[in-house]
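Visitor: Sequence:
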Amino acid sequence: MRNIHHNIVTNVSDILLDIDGVLLDQSFDNLFWGELVPLELSTVQNISIENAKNEIYNTAEKVKGTMPWYELKFWENKYNLDLVNVALNNSAEIAFLPRAEETLKILADLDKRIILMTNCDRRLLNVKASVVPFMKYVDGCVSCVEIGAVKESQDFWGPAFEIFNIDTEKSLFADDNINVVNSAIQAGIFNSFQVLEPTSDGSVINKPNSNFTIKNIGELI
Numbered sequence: 053m054r055n056i057h058h059n060i061v062t063n064v065s066d067i068l069l070d071i072d073g074v075l076l077d078q079s080f081d082n083l084f085w086g087e088l089v090p091l092e093l094s095t096v097q098n099i100s101i102e103n104a105k106n107e108i109y110n111t112a113e114k115v116k117g118t119m120p121w122y123e124l125k126f127w128e129n130k131y132n133l134d135l136v137n138v139a140l141n142n143s144a145e146i147a148f149l150p151r152a153e154e155t156l157k158i159l160a161d162l163d164k165r166i167i168l169m170t171n172c173d174r175r176l177l178n179v180k181a182s183v184v185p186f187m188k189y190v191d192g193c194v195s196c197v198e199i200g201a202v203k204e205s206q207d208f209w210g211p212a213f214e215i216f217n218i219d220t221e222k223s224l225f226a227d228d229n230i231n232v233v234n235s236a237i238q239a240g241i242f243n244s245f246q247v248l249e250p251t252s253d254g255s256v257i258n259k260p261n262s263n264f265t266i267k268n269i270g271e272l273i
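Note that the sequence shown ends on residue 273 in my numbering; no numbers are left out.
It is worth saying that the hints were derived from the structure and are not from the lab. A portion of the hints provided could be inaccurate.
Stated by the list, open to error - Straight-line C-alpha distance at most 20 Å; calculated SDA-like pairs for lysine to any residue:
1. LYS116 / ASN106
2. LYS114 / GLU102
3. LYS267 / HIS57
4. LYS188 / ILE167
5. LYS188 / GLY270
6. LYS157 / GLU271
7. LYS130 / ALA112
8. LYS222 / SER65
9. LYS222 / ASP163
10. LYS222 / ALA239
11. LYS267 / ASN234
12. LYS125 / ALA201
13. LYS164 / PHE213
14. LYS267 / ILE158
15. LYS222 / GLY192
16. LYS116 / ALA104
Produce the complete structure using the sequences and hints provided.
Guide: In structure tokens:
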């Protein structure tokens, strides 16, 4: 029996996907920002790890959902850090989510155009792509840093659609962030799915807040 979402996949031309929490295990990002960046800050500024965590947390709360939140240079300039090096030194923690690579292969075999739309800074994205071969399955990728607007904002979608000549009525989008899913729907991608399980260990389970929800992108096929 076909998955109930298979007909939607069959009838669209473009598959638009977030990366972290959809293709890649979000556990790395949680580790990176929750532990590794504070650890680096504590070393550079010679402060306790607790104070470093509080500093990162307080700054993050001020810029959450805005461009600085996602731009590595904001954090590097503010705290004199080399975050690409931190990511490289811990790149063994970067991994596909279960069924993600399998699903990418199947979607590619179905002759769907696969385009990644991410809020991840391109420099951090390059580190991830050097470890996990997700880019070989896709036809394009754009970061909010390149567009100058986050996916939560309507200012992201018009330029993104123009870059790839996207027909929203013939597209499907998947993201683990419900605010981004709602933004995509507002921009005209009505086949937008909220991913409920962005981590492989179940440490994060998103509350269903969308008409279209999937545990992981494997449920699309």
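Visitor: Determine for every hint whether it applies to the structure shown.
Guide: Consistency of the hints with the structure:
1. LYS116 / ASN106: Holds. LYS116 to ASN106 sits at ~15 Å (cutoff 20 Å).
2. LYS114 / GLU102: Distance of about 19 Å is within 20 Å: holds.
3. LYS267 / HIS57: Holds. LYS267 to HIS57 sits at ~12 Å (cutoff 20 Å).
4. LYS188 / ILE167: 11 Å, holds
5. LYS188 / GLY270: 18 Å, holds
6. LYS157 / GLU271: 14 Å, holds
7. LYS130 / ALA112: 12 Å, holds
8. LYS222 / SER65: Roughly 5 Å separates the two Cα atoms, so the pair holds.
9. LYS222 / ASP163: Holds, at about 14 Å.
10. LYS222 / ALA239: Measuring from Cα to Cα gives roughly 13 Å; hence the hint holds.
11. LYS267 / ASN234: 17 Å, holds
12. LYS125 / ALA201: 15 Å, holds
13. LYS164 / PHE213: 16 Å, holds
14. LYS267 / ILE158: 18 Å, holds
15. LYS222 / GLY192: Holds. LYS222 to GLY192 sits at ~17 Å (cutoff 20 Å).
16. LYS116 / ALA104: Holds - the C-alpha atoms of ALA104 and LYS116 are around 18 Å apart, at most 20 Å.
Consistency note: the structure conflicts with none of the earlier hints.
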